[in-house]
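Colleague: These protein sequences, in sequence, are chains A and B. If you read the first sequence in the numbering used here, its first letter stands for residue -5, the second for the next number, and so on. If you read the second sequence in the numbering used here, its first letter stands for residue -5, the second for the next number, and so on.
No lab work stands behind these hints: they were computed from the structure. A few of these clues could be false.
[To be verified] Over 12 Å on every C-beta distance to chain A, these chain B residues come out as not near it, computed from the model: (1) F23; (2) Q34; (3) I261.
[To be verified] Cβ-to-Cβ under 7 Å is the rule here; a few derived chain A residues that face chain B: (4) F195; (5) V196; (6) F258.
Glycine included, C-beta positions come from ideal geometry on N, C-alpha and C.
Protein chains: 2
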Amino acid sequence: MFFEGSEKKAEVIIKAPLLSLLDDIDDDFWKALVQCCNAQILSSIRNHDCKAFLLSESSLFVWHDRFLILTCGNTRLVHSVEYFIQQIGMDKIQQVIYQRKNEYFAHAQPSSFGDDIKLLAQYVSGKAYRFGELDSHHNYIFHQDNSSFKAESDDKTYEFLAYQISQQASEKLTTVGLKAEEIRQFLQLDQLIGDFMLDDFVFDPFGYSVNAIKGKQYLTIHVTPQADSSYVSVESNINLRALAAKFLTILTPKSFDLLSFNDFDFINLTEEFIPASYVSKSRVTEQLSNNYTVGFANYILPQQAFAPAAVLDIAGENHAL
Amino acid sequence: MFFEGSEKKAEVIIKAPLLSLLDDIDDDFWKALVQCCNAQILSSIRNHDCKAFLLSESSLFVWHDRFLILTCGNTRLVHSVEYFIQQIGMDKIQQVIYQRKNEYFAHAQPSSFGDDIKLLAQYVSGKAYRFGELDSHHNYIFHQDNSSFKAESDDKTYEFLAYQISQQASEKLTTVGLKAEEIRQFLQLDQLIGDFMLDDFVFDPFGYSVNAIKGKQYLTIHVTPQADSSYVSVESNINLRALAAKFLTILTPKSFDLLSFNDFDFINLTEEFIPASYVSKSRVTEQLSNNYTVGFANYILPQQAFAPAAVLDIAGENHAL
Chain A
-5 MFFEGSEKKA
5 EVIIKAPLLS
15 LLDDIDDDFW
25 KALVQCCNAQ
35 ILSSIRNHDC
45 KAFLLSESSL
55 FVWHDRFLIL
65 TCGNTRLVHS
75 VEYFIQQIGM
85 DKIQQVIYQR
95 KNEYFAHAQP
105 SSFGDDIKLL
115 AQYVSGKAYR
125 FGELDSHHNY
135 IFHQDNSSFK
145 AESDDKTYEF
155 LAYQISQQAS
165 EKLTTVGLKA
175 EEIRQFLQLD
185 QLIGDFMLDD
195 FVFDPFGYSV
205 NAIKGKQYLT
215 IHVTPQADSS
225 YVSVESNINL
235 RALAAKFLTI
245 LTPKSFDLLS
255 FNDFDFINLT
265 EEFIPASYVS
275 KSRVTEQLSN
285 NYTVGFANYI
295 LPQQAFAPAA
305 VLDIAGENHA
315 L
Chain B
-5 MFFEGSEKKA
5 EVIIKAPLLS
15 LLDDIDDDFW
25 KALVQCCNAQ
35 ILSSIRNHDC
45 KAFLLSESSL
55 FVWHDRFLIL
65 TCGNTRLVHS
75 VEYFIQQIGM
85 DKIQQVIYQR
95 KNEYFAHAQP
105 SSFGDDIKLL
115 AQYVSGKAYR
125 FGELDSHHNY
135 IFHQDNSSFK
145 AESDDKTYEF
155 LAYQISQQAS
165 EKLTTVGLKA
175 EEIRQFLQLD
185 QLIGDFMLDD
195 FVFDPFGYSV
205 NAIKGKQYLT
215 IHVTPQADSS
225 YVSVESNINL
235 RALAAKFLTI
245 LTPKSFDLLS
255 FNDFDFINLT
265 EEFIPASYVS
275 KSRVTEQLSN
285 NYTVGFANYI
295 LPQQAFAPAA
305 VLDIAGENHA
315 L
């Protein structure tokens, strides 16, 4: 059984004094927005600064001045962004950022990044970049290009994306009947973010999502544990330096990506905590005109031993093919 | 401008005494077969043992007992295989092998490997494998599974696939007005296969294909030189040991794959000639039930420096997106 874990991601920042997304917009709006990409809201948690929705495909975070949505699987996230723009109006929006990772099963997606940004370009004048090589892991980023918005230097985001986790971790996380508490323990969330409010969900037959918030801080983890197409993403506005090192130990992925927005120490960050067993395959950095400095790095675990080939199911309905 | 260089490949072996593909089948048949996947024959060369057709998308080689076809771009090669099966009949066929590499632009392909082998499975009982990780370079191989065919141990094939060639090589190979002779010289074909009969073609605006034959031996090179999606494939039934080392020096790709059928010394082969600057990312070996032992290895050139992001064209018709 295969599932596309790789997320699309959108962040929209509004002209805050005009409207508070947290106080002035009710849940029905977010429910409708999420449904536009064929996802559903499963549950939510909130504090004074942030509301976090756990979705059937990933997560939605809402703050007073912005929202962030990540969706995986075969969702077409750009339709949710379009809904927001149509309902709220571009005159109240100061920044739209739309991002897409390379997928495991690009041929099974309902649209390409190019299709998505052609749709966005009907509403938003923007620029688009690719971070990483076309034949390897990469991230596409589209952002609104308007002189009125410049990101604050403390507006930081981190992504840690693990591919092909160890057989041991994959087996543990695909155990039948595994409970959320056991997964929290396996991921050592108590030690790592013990003071955050948590909301998590174990999917059937596999898969795990957790949203964590503390004031304006958020952290979200999505686990697609299936062997061959395993994928674990950690996204946060807290510095993932210590956390990513811990997750590398727990998951031992064959490959992982690091992405940062406005971590000006990204180069040293990557040097400092990554075990010497990993080798850097690709490194990209770019300062966008919206004042986000984006860093991307892909690492691999060199393989010496020869593995057997993967046997494929010809007759079955198999997204992997 | 982007072009999908990655090839699909099919080899079909017939029950030789019943028919000689080289002597009993005329060019109109091959023309029709090639048209089934929307490619055209550009030219051909032949000797007593082999006829090599240069195609608008890659190459077709015909021997007395088998043919081998490689097509790139958005061709749907499986339709050519289906045509052969329908025209010649499975009773005269002893082995069908169908292979597909991961594509740069999988979303732009008319079909997936899964679609292709579901079609083939209507005619051929077979097995399918994946060599290499799903999130990285990989090759899908489908082969007929029949007890009557066992490959001879001297029935060897080599593939050397270079991705992201050096800027210098890409610029040279995208020079306006570049002639075939200059490309042959750049690739040092005189030194490498000086005693082969050659047939080559320079595509407009870029791209180069060459077929080379000598007795039953063949070698074919296809060059997609465009920066970002550059791809150079070398396929041959002669040992690529020395040649691949030379091509690495000429092209300095950021990543390359080696694939062999029945090179029982594949592990040592890969150790011996590959510069220490390259790191092995994936290694797979498997003995198929048709008696081909297949080896696959993917290598990367570690990157220390940070590169700028690639700027994308939002409005343009851009296959890369």
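Colleague: If a hint holds in the structure, say so; if it does not, say that too.
Modeller: Evaluation of the provided hints:
1. F23: It holds; F23 (chain B) is separated from chain A by about 29 Å at its closest Cβ, greater than 12 Å.
2. Q34: Holds, since 26 Å exceeds 12 Å.
3. I261: Given a closest Cβ separation of 7 Å, the condition is violated.
4. F195: Hint violated; F195 (chain A) Cβ to chain B Cβ min 25 Å, cut 7 Å.
5. V196: 24 Å, violated
6. F258: Since the shortest Cβ distance to chain B is 13 Å, the answer is violated.
Violated hints for the displayed structure, listed by number in ascending order: 3, 4, 5, 6.
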